[in-house]
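*Asks:* Top to bottom, those sequences are chains A and B. The first sequence begins at 801 in the working numbering and counts up by one. The second sequence begins at 157 in the working numbering and counts up by one.
Rather than coming from a laboratory, the hints here were simulated on the basis of the structure. Any given hint could be a false lead.
Derived DSS-like pairs: lysine-lysine, alpha-carbon spacing no greater than 27 Å straight-line [stated by the list, open to error]:
1) K806/A <-> K383/B
2) K1000/A <-> K323/B
3) K237/B <-> K933/A
4) K323/B <-> K1058/A
5) K283/B <-> K1058/A
6) K802/A <-> K241/B
7) K237/B <-> K323/B
8) K383/B <-> K802/A
If you want a taste of the chain A side facing chain B, the calculated C-beta under 7 Å gives, among others [claimed, not checked]:
9) A810
10) G889
11) V890
12) P899
13) R1060
Using N, Cα and C, we set each Cβ at its ideal position, and we do this for glycine too.
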Amino acid sequence: MKRALKLFRAEVVRSVLLTIRYPIELFVGLFIMYMLFMGLFLGARSLVGDTQVLNASLDGFIISYIMWFFVISAIGRLAFHIESEAQMGVLEQIFLTYPRMLSLMLVRSAVDFCMSLLVVTVLLFSIMATTGKWLAIGTGNILQILVLLVVTVTGIYGFGLIFAGLALVFKRIGQVGSIMQFAFFFLAYLPVEQLTGWLKVAVYSLPLTLGVSLIKTVVVEHGSVFSGPESWLLLGLVINSVAYLLVGSVVFLICERKSRMDGRLGQY
Amino acid sequence: MAGTTNQQGAFRLEGLTKTFYPILPWHRSRAVDAVQGVDLVVPRGCVFSLLGPNGAGKTTIIKIIAGLILPTTGRVTFYGKDGDKLRSRPRLGAVLEGSRNLYWRLSPMENLYYFGELKGLSLAQIKRESEELLEMFDLTHKARASTQTLSRGMQQKVAVAVALLGKPDILLLDEPTLGLDVESSRLIQQRLRELVERDDRTIILTTHQMELAARVADRIGILSEGKLIAEDSLSNLVAFFRQQDYELELPRLEWEQLRADVSAFRFTEGQSAANEEMRVTFHLDNREGYYALSELLLARRPEFTTIRQVTPSLEDIFLQITQHYSDGEDGGGA
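Looking at chain A on its own, in the form it has when it is part of the complex:
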C-alpha cells in the first residue's frame, strides 16, 4: 500500500509538472470540449425548436457528455501515454525501473481520473453557466453520484487497459482509439431506458451505458441507487465494472508478455 501511494504521488507530480509546463495544451483541450458541447447543444436546439422539450432532456444531455469525457481520457490517454513513451524511448526505462507495469497503469488510471475530475468540474460549470441549466447536485445525492462515477469509470479504465495493452504490441493504434471514442459517444447518448428484453441486457453489459443510466436516475429523476430495485442495478454496475477491469488487466498482461517476447517495448 505504501508503495502504491509512492507511485500515486510520483504520477501526480509528473502529470501536474507536464501539465503546468505546457498549460496551453490543457486550455485548448478544455476549450475544444466546451465548443463541441455548445455545437451539439445549439444544433439540438435548432433541430428540436421547442426550448421546453430540450430543457426537459438537457440534464441527461449534459451527463452523457461529461461521462463521455471520461471515456476519452481512459481510452485515449492510457494508450497515448504508451505510444508517446515508446516513441520517446522512456517506456523501457520505466519498465526497467518498475517492472510491475500493470500496477503502474492502474495507478496512472487513478491519477488520470483525479485530473480528469478537476477538468470535468471546470467544464461542467462552464456548460451549466452557459446553458443556464444547473444539474441537481447537492449534499443529498453527491455521495451516490460519486459512487456511481467511480464504479462506472473503473469499468471504462478497465476497457482502456485493453487499448493500452494493444498499444504495447502494435504501437500505432491511435486511429482505432478515436473510432472507439465515437462508438462510446453513441453509447453515452443511447436511450437505454427505451430498450427492452435481451437488447437492453446486451447494451447494459457494455461499459458506460448502465452507469450513465443510473446517474441520470439520481440526478434527473431524483431517485436512489442505495435502496429499492435500483440497488440491484448498482450491484450489476459493480459486477460489470469489475469484469471489465479484470478482462482489461488480463489482456494488458498478455500484451505486455507478447511485447517483451517480440522485443517491442522500445520500438516504435
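Start from chain A and add chain B according to the hints.
*Replies:* Then chain B, alone, in the frame of chain A:
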C-alpha cells in the same frame, strides 16, 4: 577463449537464444536469430564490455539481462537466483537509448525525482543522491532546466545519473558515450571506473568505441552473428594476439620480390612513415607459423629494416577475431 570463469558471477547467461518472429504469423519465414546459444558468467565488481559489429546481438543481450526482452530459450540468473522472478532480481540501472530514456519536458532534477520514486527510494534519499549525482556530472547549474534545452552530452549525463540513482548492483550501458565530446566521454569513463573500484558494482557495456572498451573494461566479450566468439580479460587477449602478430618494415622493392613467396601466410600491407618503406604485419595462427616464416625469411634474406612482435590494439584483436570467424562461417580458412 569463449567460456566461463570460475569466479562468483554477478550474473550468468545459460544457453541463451533469441529469435525474433514477425508479428504476422504468415511472415514467420522472416524470423531473425539475434542470439544463438550464449553462455557467459560475468564476475562481480568488473566492467564487462560486449563488442561486436552492427546486428551482432549486443543490445538484445543487454535487454534480455534487463528483462525487457524474454529469451526464446535459456535463462539469466543473478547471484545464483532466477532472473525471471522479480523478487530475486538485483537493483538494475540502465542507459539503453541514451538521452531518449528521459522525459525531455521535465528537468534533470524532476527526472531524478520521478525515477527515484519508481525505484522506491525515500524522498530524503532521492534528494541526497540526486544532488550528489548532479554534482558528480557537473550538472548542478542545470538541475532545473528543461532537459530538452540541454546539450546532447548533458542529456546523456542525466541519463547515466538516472541509471545510477538508488545505487544499482548491476549497470547496463548501451553505447553510453556515443556522440559525446571527449571531455564528457572521459568524465563518464572515469565515473564508471570509480563505481567498480570503490563500490564493487558490475557494469555491462556495449560499444563500438574500442578505445572506450580498452580504457574501462576488465573483461571483453566479442559477439558475431549472435554468438559469443571470444571472452577473456583484455590483458589475456592482448597477450594471446601479441604472440601471433609480427611486423616487418622493408624497402618497397624488397617486398615486391618477397610478396609471392609469403602468399601462404595471412598478412596486411601498409606504408610506413617513410614512403619508400612498406610495413607488413603477419598474422600467424600458431608457433609453427612463426617458425615457417622465420625459415623463409632466413632463406630469402631480404634487406628488412626492422622486425618486431606487435602489441595489438583492441581494435586489431576485434577485427582479427570477427574476420577469422566470418571466414570460417563462409567456409574459407584463415
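*Asks:* Decide, hint by hint, whether the structure agrees.
*Replies:* Quick rundown of the hints versus the structure:
no.	hint	result
1	K806/A <-> K383/B	violated (42 Å)
2	K1000/A <-> K323/B	violated (57 Å)
3	K237/B <-> K933/A	violated (64 Å)
4	K323/B <-> K1058/A	violated (30 Å)
5	K283/B <-> K1058/A	violated (37 Å)
6	K802/A <-> K241/B	holds (22 Å)
7	K237/B <-> K323/B	holds (20 Å)
8	K383/B <-> K802/A	violated (44 Å)
9	A810	holds (3 Å)
10	G889	holds (3 Å)
11	V890	holds (6 Å)
12	P899	holds (6 Å)
13	R1060	holds (5 Å)
Checked against the numbered hints given earlier, the structure breaks hints 1, 2, 3, 4, 5, 8 and satisfies all the rest.
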